[in-house]
Amino acid sequence: MIQRAIDGRETSAATAVKVRVSHLDVYYGSNHAIRDASLDIEENQVTALIGPSGCGKSTFIRAINRLHDLTPSARVSGKVELDDVDIYSRDVDPIVMRRRVGMVFQRPNPFPMSIYDNVAYGPRVNGERNASRIAVLVEDSLRHAALWDEVKDRLSESGVALSGGQQQRLCIARVLSLRPEVILMDEPASALDPIATAKIEELIAELREQYTVVIVTHSMAQAGRVSDRTAFFLNGSIVEAGPTNQIFTRPKERRTEDYITGRFG
Amino acid sequence: MIAGARLAASRRVSGLVGVILTGFCSALAAGLLILILGYVVVQGWGAINPAFLTQLPHPVGVSGGGVANGIVGTLIIVALAMLMAVPVGVLTGLYLAIYGRGLTAECVRFLAEVLSGVPSIAIGLFAYTILVQPFRHFSGLSAAFAFAILMLPLMIRTSEEAIRGVPTAIREGALALGLPDYGGVIHVVLPAARPLIVTGLLLAIARVTGETAPLLFTAFGSEFWELNPGNPMATLAMQIFKYAISPYDDWHRQAWGGALLLILAVLVLNVGARWALRGRAKRS
Chain A
0 MIQRAIDGRE TSAATAVKVR VSHLDVYYGS NHAIRDASLD IEENQVTALI GPSGCGKSTF
60 IRAINRLHDL TPSARVSGKV ELDDVDIYSR DVDPIVMRRR VGMVFQRPNP FPMSIYDNVA
120 YGPRVNGERN ASRIAVLVED SLRHAALWDE VKDRLSESGV ALSGGQQQRL CIARVLSLRP
180 EVILMDEPAS ALDPIATAKI EELIAELREQ YTVVIVTHSM AQAGRVSDRT AFFLNGSIVE
240 AGPTNQIFTR PKERRTEDYI TGRFG
Chain B
0 MIAGARLAAS RRVSGLVGVI LTGFCSALAA GLLILILGYV VVQGWGAINP AFLTQLPHPV
60 GVSGGGVANG IVGTLIIVAL AMLMAVPVGV LTGLYLAIYG RGLTAECVRF LAEVLSGVPS
120 IAIGLFAYTI LVQPFRHFSG LSAAFAFAIL MLPLMIRTSE EAIRGVPTAI REGALALGLP
180 DYGGVIHVVL PAARPLIVTG LLLAIARVTG ETAPLLFTAF GSEFWELNPG NPMATLAMQI
240 FKYAISPYDD WHRQAWGGAL LLILAVLVLN VGARWALRGR AKRS
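Quick note, the sequences are listed as chains A and B, same order. For the first sequence, numbering that gives the first Met the number 0 begins at 0 and goes up steadily by one. For the second sequence, numbering that gives the first Met the number 0 begins at 0 and goes up steadily by one.
Mixed in with the good hints there might be a few duds.
Anything over 10 Å on all C-beta distances counts as not near chain B; from chain A, calculated [what the hints assert, rightly or not]:
{"id": "1", "residue": "Gly53"}
{"id": "2", "residue": "Arg106"}
{"id": "3", "residue": "Glu138"}
Derived contacts from chain A toward chain B, CB cut-off under 10 Å, selection only [to be verified]:
{"id": "4", "residue": "Ala73"}
{"id": "5", "residue": "Gly77"}
{"id": "6", "residue": "Leu81"}
{"id": "7", "residue": "Val91"}
{"id": "8", "residue": "Arg97"}
{"id": "9", "residue": "Arg98"}
{"id": "10", "residue": "Gly121"}
{"id": "11", "residue": "Asn125"}
{"id": "12", "residue": "Ala195"}
{"id": "13", "residue": "Phe247"}
{"id": "14", "residue": "Pro250"}
Distance ranges between label pairs, derived from CB positions [claimed, not checked]:
{"id": "15", "chain 1": "A", "residue 1": "His217", "chain 2": "B", "residue 2": "Phe23", "range": "33 to 43 Å"}
{"id": "16", "chain 1": "A", "residue 1": "His217", "chain 2": "B", "residue 2": "Val267", "range": "20 to 30 Å"}
{"id": "17", "chain 1": "B", "residue 1": "Ile33", "chain 2": "A", "residue 2": "Ala190", "range": "17 to 27 Å"}
In case anyone wonders, no lab produced these hints; they're calculated from the structure. Every residue, glycine too, gets a C-beta built ideally from N, C-alpha and C.
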């Protein structure tokens, strides 16, 4: 356990730690889903979480946004620090915190409203009343999510009527509209076809310049393509974490190597 | 071999009997409905004319007249019932679908189920006891209250199912945008559930529009224009009842006309409910 925690802390001097997860445990009822996981997530980097199904990747990423608050049976212990402040401490308002940590879900979940309103929704509920400022935010966010050219002539149509890949980019635009600092993505391309997946991956590469991105993925190839750093999860624990090319070419742990070379999972 | 063939033959026969029996019963059920609808149309069509729809009832012995006050009374009472049943029903459904857990939620759900089985005349009696007796006169409001209680179980059940049908991911999406949970529920979950809730509401209205028993000692009836729900009010269902048991041919015809109007209203509500659902299926 201690060895793993140390591996997770392997930081290069050049980058700052944006999110520091220390000794995180998550339980669903009596099911111990995350066991003593520690990981440093670096600023302006893409961190990929890989591992077989049911190993706790999604549970881990949801803990960074306090989404477990909605699940009555879920219990979280340990620390998740965003810029050195524990988001689970009493002084932190989860609602304010979530504006800084955006989340893109596995299945696209556009709201049942127009394309424009989907993106304008976040700023509006967070107190932005100025219509022209909202319009600028909407256009910027849609452009940044590489969706603007496809939808600019039909912003008043329902967001639910878009294709799956477009819906997912709409959800990314929705997250970008709040100018978050960290973007969490829970298998954002798993419900999409290869072309839509390629678009999302290009987008992730661009997002890295302004945001800290954490992405859960089932696809090793995807982790290899988009991420700077990778953490390997197994049975609720982080087995190994480090720069992606090192994890993929010279893993320290035998179990990481077995997984990456396709011997299980 | 022979035994096998005989078995196969007996299976074919019992299969055939099954098809004939179920087909016959289905035809009987559908046929009865068509028979009733057809009979009402044939009997009632002649009574429906502009005067029937726009005039007050005429006194006994004076032919002609209409049920306009009954139509308006029914509309007012149903609208008031809606105002009472919708907020309570939808919020209860919301509670059961999202927040309610354990014994409390089970109790609420069970009581709503029991309520849907209570005879409408008993609910009318209840409304009479608390809204008519203390004020010493009948009123449209007391009828609306009885109707609201009748609508409530259906509203609760359909709202709960509609809200449960909205994916959790949508609620989480709102939460992840920095919205308090109730905000996501109000702005995102309820609009997503609206088509199904509207469907339930239309069916609930269709269910009460034809109710007569609770009206006997609540709305009571009136021969005049009555727009104030604090007073006794005419309703279409009560007028049908009164005309049908009268000894006059003219009133009998008007009773059929009223019945036709009621059936048409319920038909429109049912088609509307289907239409609301179809729009939903197309979008998703």
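Here's how the hints hold up against the structure:
1. Its beta-carbon lying about 19 Å from the closest one in chain B, Gly53 of chain A satisfies the requirement of being farther than 10 Å from that chain.
2. Not every CB of chain B is more than 10 Å from the CB of Arg106 of chain A (nearest about 6 Å), against its label as outside the interface.
3. For Glu138 of chain A, the shortest C-beta to C-beta distance to chain B comes to about 18 Å, beyond the 10 Å cut-off, and the non-interface label holds.
4. For Ala73 of chain A, the shortest C-beta to C-beta distance to chain B is roughly 13 Å, which exceeds 10 Å, and the interface hint is violated.
5. Taken as an interface hint, Gly77 of chain A does not check out: its beta carbon lies about 21 Å from the nearest beta carbon of chain B, beyond 10 Å.
6. For Leu81 of chain A, the interface hint is violated, the least distance from its beta-carbon to any beta-carbon of chain B being 14 Å, above 10 Å.
7. The restraint placing Val91 of chain A at the interface with chain B is violated, with a minimum CB-CB distance near 13 Å, outside the 10 Å limit.
8. Satisfaction of the interface hint for Arg97 of chain A is found here, the shortest Cβ-Cβ separation to chain B being roughly 5 Å, below the 10 Å cut-off.
9. A cut of 10 Å between beta carbons decides the hint on Arg98 of chain A: the least distance to chain B is about 4 Å, and the hint holds.
10. Taken as an interface hint, Gly121 of chain A checks out: its beta carbon lies about 4 Å from the nearest beta carbon of chain B, inside 10 Å.
11. Here the hint on Asn125 of chain A is kept, as its CB sits about 6 Å from the closest CB of chain B, short of 10 Å.
12. Hint status for Ala195 of chain A relative to chain B: violated, with the closest Cβ pair at about 18 Å, above 10 Å.
13. For Phe247 of chain A, the interface hint is violated, since its Cβ never comes within 10 Å of a Cβ in chain B; the closest pair sits about 30 Å apart.
14. Interface restraint check: Pro250 of chain A against chain B, minimum CB-CB distance 32 Å, threshold 10 Å, status violated.
15. At about 55 Å, the CB distance of His217 of chain A to Phe23 of chain B disagrees with the hint of 33 to 43 Å.
16. Look at His217 of chain A against Val267 of chain B: about 51 Å separates their beta carbons, and that is not inside 20 to 30 Å.
17. In this structure the hint that Ile33 of chain B and Ala190 of chain A lie 17 to 27 Å apart at CB is violated, the actual value being about 47 Å.
Violated hints, listed in ascending order, are 2, 4, 5, 6, 7, 12, 13, 14, 15, 16 and 17; each of the other numbered hints is respected by the structure.
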